[in-house]
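Engineer: From first to last, the protein sequence lines are chains A and B.
Under the numbering used here, the first residue of the first sequence is numbered 1, with each subsequent residue one higher.
Under the numbering used here, the first residue of the second sequence is numbered 1, with each subsequent residue one higher.
The set of hints was computed from the structure by calculation and includes no laboratory data.
A quick note: this is a predicted structure, and the numbers were derived from the prediction, not measured.
Check the hints yourself; a few may be wrong.
Unchecked claim - Here are some of the chain A residues that sit facing chain B, going by a computed Cβ distance under 10 Å:
no.: 1; residue: ARG44
no.: 2; residue: GLY100
no.: 3; residue: PHE101
no.: 4; residue: PHE103
no.: 5; residue: GLU116
no.: 6; residue: LEU120
Glycine included, each C-beta is placed from N, C-alpha and C at the ideal position.
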Amino acid sequence: MSTAAAKAPTADGVAARARGLTKAYGAGETAVLALDSVDVDIERGRFTAVMGPSGSGKSTLMHCLAGLDTVSAGQVWLGGTEITGLKERELTRLRRDRIGFMFQSFNLIPTLNAAENITLPMDIAGKKPDGKWLDQVIDTLGLRDRLKHRPAQLSGGQQQRVACARALVSRPELIFADEPTGNLDSRAGLEVLGILREAVDRLGQTVVMVTHDPGAAAQSDLVLFLADGRIVDRMEEPTADAVLERMRLFSGGDPQTPGPDVGHGSAGPEED
Amino acid sequence: MLRATLRSFLAHKGRLMLSALAIVLSVAFVAGSLIFSDTVTRTFDRLFASTSADVTVEPKQDLKSSVPTGAVQTVPAALAGEVAKVDGVAGTHADVSVQNIVVVDSHDKSVGSTTGAPTIATDWYLTHRSPVKLTSGHTPRGAGQALLDADTAGKKHVRIGDTLTVQAQPGTFRVEIVGIATFTTTNPGAALVFLDPAVAAKELLGSAGRATSISVDAAQGVTDAQLKTRIGAAIGTGTYDLKTAGEQAKSSAADLGGFLDVIKYVMLGFAGIATMVGVFLIVNTFSMLIAQRTRELGLLRALGADRRQVRRSVLTEAVLLGLVGSTLGLGAGVGLAFGLIKLMTAFGMNLKATEMVIGWGTPVAAYAVGVGVTFVAAYLPARRAATVSPMAALADAEIAGVGKPLRTRAVVGGVVGVLGVAALAGCAAATRTAAAASLLGLGVVLTLIATVVAGPLLVRPVIRVLGAAFPALFGSVGRMSQRNALRNPRRTGATAAALMVGLALVGGMSVASASMSKSFDQQIDKTLGADFVVQNGNFQPFTQEITDKVRGTEGVGLVVRQRFAPVAVRLPDGKRVTTTAAGYDPQVDEVAHVAYKGGDTAAALAAGSLGMDVTFAQDHKVRLGSVLPVEFQGGKRARMKVGALTDQDGGSGFGAQGGLFFGIATVQKYVPDGQDSSLYVNRAPGTGADQLRSRLEKTLAPYPQVQVRDQADYKKLVHDQIAVLLYLVYALLGLAIVIAVLGVVNTLALSVVERTREIGLLRAIGLARRQLRRMIRLESVVIAVFGAVLGLALGLVWGVCTQQVLALQGMKALAVPWGTVVAVVIGSAVVGIVAALLPALRASRMNVLAAIAHE
């Protein structure tokens, strides 16, 4: 696959692309490969889930694709832009203008109310949000009567919906969601997944979601399975059972607890 | 538990560093001032003890004047012979030593000290007690020869063979420097000129038969005290003061002590400010450390540590911090004392840094201050730590103290504040200076406490207003920085309080000094009618020669002399008041506008009469026409009639208590060898002001000690004198700001750590580093400006009340230096920016991923 690495993607149906993406921690003999020459295309207008056991590199993959982390080798493109090699300032601007983020927890700025959190990336950029679109997002996500609330006054599900609205409102090329349902009960989790699903189906939004919950992965169009820093499998039109079955293979018949679970740490520290 | 405490202390040493720095600063000032004053005291005690004669006979010092008269009190030189006959006297010497001289070089520049130390002319009489020895040249022989001390010679580039002009009271004479005398002991800073003993009395006192004192050597086996008693019996103690070597040394040290006390109090003032501001810093640091360690403390509690143990653990940490800070501070204090000693050397006072004295009191005071302050400051946070529940270990706890209502603070702050305001209101309404001043002091302390206590309550309303424009100006970044400042009102309040204390002080002092300047200006406008005033910069009197030369200058119309005389008056209410009276030439109305309640200038200046301030007169039941017994120096007495009562704004503001004045003839009669202190000069008709000024300046060129001033110059002189006070205040402010900046840095640094995840999130969704830095900078600015606004508001109120007290002293004008106020607010914003530099840099360097993953 590495032969294709140098070829830049054209503005076809690919939102993000990685070629030979390698991420190593440490150096020399003690180096640990978090990502081992990964080639991946994230197709535009699709809901892609990334799964894998702890330490498989799924969060690292997301961080590298989103310009949050530097790569050790390989190339990453967002749309037609190669982001590997971009300067810190350009990366920041890219994240601000072209990518939306949802994290597992601590998604919102506690000093800002819901409305201010939603428009934050645009405010930072000094842009005026498109009023009609903003209203539509707010109404779609049912946040109209919560706009003046501070995050502390919102439930976990409401908080994630605000984060979702923030990701949607700037109409980014790509939304990265890192365990967005990890801290929610199953009903709230389903609600958030439903919103992401709808964003893809009705608005043509591209979403990449890291999860270890087969139920959440089942909402996606495509599941990529990572193990030991490589993409080892992919599953179109997944179902929860099929995903669970596939995951079982990784750990020798001992899959992670299925279903939306609370109390699992975020993916970051596990993998680093 | 102790091990856990030690571990925690070491783990947090970075965060404790700024607190330690505050302790180091305050301890350094305490230790430095103690070491310095001990060293100076020891040095001079030694000097005076070694240079004092066994017994000294001096003219009676019955009235000490705060204003120099220029007169030298003398004893007959023949007294030396008389004393020599007393049993037990081994030898006597008639000393001649005067300070009412000015020595100038061939360029008409004074060779004396420019820092206020005296120029002394004395006879060259070497004994084993002499502080100097001849190091080059030869002893002065006859008139026209002199020695100069080596320090002065070195500083003013005088060499053997140079000619100096000595302006002495009997007349000016020129001397050739024939030798250089070097101090074998510490030079207190004076410039010394030595003359041949054969001519010294004639040249300096005008008569060979006079002396300024008699030094007596005791014979073997006779104690100083015995000898003093015997001499007293022989010559009487009514006209002479007799002092043993010990007494003489003590009184010399006391004369010098005033100056040293000033340095000591200034240093202690610095220490006080440093300590006060440091307390806020320490309270804040410990509060924040405890907030961050809520879980850890909860775990300790869950594992079975009781409240007392938790509290003790925090306090032990504080004591450790205090010990470290005190030790470093003690070291810094030695350095500071060393610097001060070097500084004194620059002023001409040759202290030896190698002979630094560190008394046992210094380390005791250093550790008492350092550890005590830290302990007290950490006490409240420690109590709060002890209230952390074991549940905190499990829960994703709310940070301790944030959500707690500020009710107690509101109540305490409110009550103390009301009392303080009442005291200040009482001060403004008071009619007696003493009462007003004590109410002012009380009000200042109470309002300060109230503002500090209630500070966190003011955070929300004030910062809402201060930061109101932020969202509009800086968008989300501005909004977040404003809200971050509002996030923890206690923390913001305590951080700003450090700045507030310093700025309140400055605000108050600048209002007071601006009001003083304005009052003096108005007074000068109202009372000074002369075209020019000829005066010494330090109000030192000058020789007759200058008066004669001024009178002889072409274009001078009228010269009115002013002289001072120390007096004591016995008043009808039974009080004896010692003060300084002024004497004027009769034409005083032409150079000054004096308002009279009764009588007039002629009546006040007539022979046997005096004038007096009407308020002072009323206070002491004096009426127009009252006859008062007045004592002058040297035991002279007179009965004088009150010829006039003056009603001047600030009658006692300029002069001495009581505003006593009489004709210059009276001064000449009772203080025969006095000198003029000021000359009020009017133009002759047909002479322009500039013309006369340049002529006067030309006339006075050989007399560098006096200056010609018109009204504007005179105002400037007064302003400059008030400004000295202000410079001191600004220096205090500087220190307070340094520590306050440390406090802001501290708060921001810890806040940044606390908000790691939030910062990571912001960076992830696209906040640029530059924007992040701006956000922290703006938060810092808003905290600093909050402190400044609070401090200035408090300071302005204090200043206005202080002016009310001054008004009782006749300084009725109120001036608010708005320029300074605006400058301070802008300055505080700059302080905020500076304080944010490091924390902002640190935040912007934070790794985005690590920040997101932060737990």
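Engineer: It remains to establish, for every hint, whether it holds in the given structure.
Structural biologist: These are the hints, each one checked on the structure:
Interface restraint check: ARG44(A) against chain B, minimum CB-CB distance 21 Å, threshold 10 Å, status violated. Hint status for GLY100(A): holds, given a least beta-carbon distance of 8 Å to chain B, under 10 Å. The interface hint given for PHE101(A) is met, as the beta carbon of that residue sits about 5 Å from the closest beta carbon of chain B, less than 10 Å. Of the supplied interface hints, the one on PHE103(A) holds, with its beta-carbon coming within about 7 Å of a beta-carbon of chain B, less than 10 Å.
With its C-beta approaching chain B no nearer than about 7 Å, GLU116(A) sits inside the 10 Å limit, and its interface hint holds. Restraint check, LEU120(A) versus chain B: the minimum CB separation of about 6 Å is within 10 Å; hint holds.
Hint 1 from the list above is the single one not met by this structure.
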